[in-house]
Amino acid sequence: MTIISSVIADNVIQRDGRRSIVEHHTDQLGIVYRHIYLSVGNANLNAALAAYAAQLDADLTNNEIQANIGNVTRDGSLAVTSTIYSTGAQNFSALREAYRTAARVEAIMIGDFLSSLTDAQLRTAFSMTQAEVNTLRTNKLTPSASAATTIRSTVGA
Amino acid sequence: MANVYVRSAATGAGTGADWANAYTTLAAAFAAKAAGDDFWVSEDHAETQASAMTLTPPGTAASPNRVICVNHAGSVPPVSADLRTTATVTTTGAFAITLGAGYAYFRGITLSGGSGAVPAGISASGDGALVFDTCKLITPGTTGASSKMRLGTFAAAQKSKTELRNTTVQFGATADTLTVNGDFIWKNTPNAIAGATLPTTLFTTNAVSTSITGVAFLEGVDLSALASGKTLFSSTGTSKRYMVKDCKLGASVTISATITGQGGLEVDLINCDSGDTNYRTERYRYEGTQTTETTIVRTGGASDGTTPISWKIVTGNSTRYMPYECLPITIWNETVGNPVTLTVEGIWGGGAVPNNSDIWMDVEYLGTSGFPLGIFATNGPADPLDAGSALASSSETWGGSTTKFKMSVTVTPTKKGPITIYVKAALASSTFYIDPKVVVS
Chain A
1 MTIISSVIAD NVIQRDGRRS IVEHHTDQLG IVYRHIYLSV GNANLNAALA
51 AYAAQLDADL TNNEIQANIG NVTRDGSLAV TSTIYSTGAQ NFSALREAYR
101 TAARVEAIMI GDFLSSLTDA QLRTAFSMTQ AEVNTLRTNK LTPSASAATT
151 IRSTVGA
Chain B
158 MANVYVRSAA TGAGTGADWA NAYTTLAAAF AAKAAGDDFW VSEDHAETQA
208 SAMTLTPPGT AASPNRVICV NHAGSVPPVS ADLRTTATVT TTGAFAITLG
258 AGYAYFRGIT LSGGSGAVPA GISASGDGAL VFDTCKLITP GTTGASSKMR
308 LGTFAAAQKS KTELRNTTVQ FGATADTLTV NGDFIWKNTP NAIAGATLPT
358 TLFTTNAVST SITGVAFLEG VDLSALASGK TLFSSTGTSK RYMVKDCKLG
408 ASVTISATIT GQGGLEVDLI NCDSGDTNYR TERYRYEGTQ TTETTIVRTG
458 GASDGTTPIS WKIVTGNSTR YMPYECLPIT IWNETVGNPV TLTVEGIWGG
508 GAVPNNSDIW MDVEYLGTSG FPLGIFATNG PADPLDAGSA LASSSETWGG
558 STTKFKMSVT VTPTKKGPIT IYVKAALASS TFYIDPKVVV S
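Just so you know, the sequences run in chain order A and B.
Take 1 as the starting number for the first sequence in the working numbering and just add one per residue.
Take 158 as the starting number for the second sequence in the working numbering and just add one per residue.
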């Protein structure tokens, strides 16, 4: 669980009966996220608090995965990734989907990153047998790693 | 400029020269024709394919295409009375519709990308400009996907403009999102979110491909289908500014997701609400949030004529060097050559009056001669290392909170014209209320 505490920090009733709500959600690192909204008068504020905590949890996970994929598509095997809010399995799964539709430099860089994974990680990420992993390495990942090396070492005149 | 006819039921030569010999697909018509051509799409056009579809209008910036749904039994070429809104272009299965680089105006056409348990959708990409007028954009696939509907270029070093006029969007899964890149404009659209399946978050940046910065402007768009539990705007690593004006919102909807850094997601909301109001104005930034308050207000302060208001500022990650900046307050000044003192009243619950390094105001005014160069004055700290000092206390009457204060700046304008006040809040994790009705003396 990324969000470890959620409280309603401010609740001011407005002239029309609605409420100005400020929620504070805190993650496991102590970072506070503020959720500010105007609630209808009869809303269940605690239910809304819990629902937003769950949504924020998912957003933090997705944001980290997206940032990781962005780094991989730019830097390949040299990408710096994080797993503070997401798991390795979630990232591999998302990277698999990204690789499926990637093209040109992005495909090369993702391939370069995947080439740096172990066979066991690739078998899990792609739901492949060892033989299929070997084929993937030969046909896609190793050429991508070579191409990425060429790209990284290329300079203009 | 040629007239090109498109009708899926046509059985002629497929030259596009007339209805009898119309192209049966829009893609074939686009591929064969040229910039500036007009594509007349029959009202009974129902183009469907179970494979990826790429529609690349041949139009250029100087000679865009028109792609308009009309009654094929009407005048040739069509006239106003022939306009229709019933043509459909559809992909089924795991196949998306891609609108390639080009310049075109679409009217009365429904684009539906993908079907079944798939994440495929609609992607309008590439360098160009596309206008959708009285169209429907649908991604029926029931497998949710971020950026399932993606409008505007997502390639670096490209420009794009996408405009939706009276055009609705519809999604097949709650996890679907709409990503807009480059310049995006959405105007004059009732019931803008169609269908029964509503996205949890409407706008996001790209999930995978590069997101391109830009400005999104929404005006006169009914977003009320998205209510409690839904979020309008979210963003990750890309700068994106949304300006939302005169739009209808859903009750209790979250306007902005958590913003992760300066220059990331930025949302300005101007007169948008779910209720019958005309004063709800908000600004969302990483540094803090400004909303409209109707209870903790200053007696004799700002009002829409009926309801008194103040601005509630909740700071998050603000610092003295990167403070939260409120929406600007602009007044018209007629005084020239004499001092004008501008005062903004405020209140907070922090105990003693705040320091001028906690909250202050910058004033931009016309203080030069020979050119209209703005001059800035401030009641904030004199320099970055100035310790700051307590603001003046105030005896005004407020409807809540505890400690009243006021901020004043005196300037000497050299021209008549606008004076703009920027209230800036620096103290993190604080709540201030300020009255946007500036007292001029």
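If you are wondering where the hints come from, they were derived from the structure by calculation, not from laboratory data.
Treat the hints with care, as some may be off.
To be verified - Restraint ranges, calculated between C-beta atoms of paired labels, are given here:
1. A:Thr101 x B:Gly171: 31 to 37 Å
2. A:Arg100 x B:Tyr436: 47 to 53 Å
3. A:Asp16 x B:Glu491: 49 to 55 Å
4. B:Gly432 x A:Leu45: 16 to 22 Å
5. A:Arg104 x B:Phe528: 30 to 36 Å
6. B:Ser526 x A:Ala54: 57 to 63 Å
7. B:Asn428 x A:Ala54: 42 to 48 Å
8. B:Glu376 x A:Thr129: 51 to 57 Å
9. A:Arg15 x B:Val597: 58 to 64 Å
Said to hold, decoys possible - These stretches of chain A come out as covered by chain B in the derived footprint (C-beta under 8 Å, 3 or more residues):
10. 5-13
11. 17-23
12. 36-46
13. 50-56
Yeah, the Cβ is synthetic: ideal placement off N, Cα and C, and Gly gets one too.
Each hint, compared with the structure:
no. : hint                            : verdict
1   : A:Thr101 x B:Gly171: 31 to 37 Å : holds (32 Å)
2   : A:Arg100 x B:Tyr436: 47 to 53 Å : holds (49 Å)
3   : A:Asp16 x B:Glu491: 49 to 55 Å  : violated (36 Å)
4   : B:Gly432 x A:Leu45: 16 to 22 Å  : holds (18 Å)
5   : A:Arg104 x B:Phe528: 30 to 36 Å : violated (49 Å)
6   : B:Ser526 x A:Ala54: 57 to 63 Å  : holds (60 Å)
7   : B:Asn428 x A:Ala54: 42 to 48 Å  : violated (31 Å)
8   : B:Glu376 x A:Thr129: 51 to 57 Å : holds (55 Å)
9   : A:Arg15 x B:Val597: 58 to 64 Å  : violated (27 Å)
10  : 5-13                            : holds (count 3)
11  : 17-23                           : holds (count 3)
12  : 36-46                           : holds (count 6)
13  : 50-56                           : holds (count 4)
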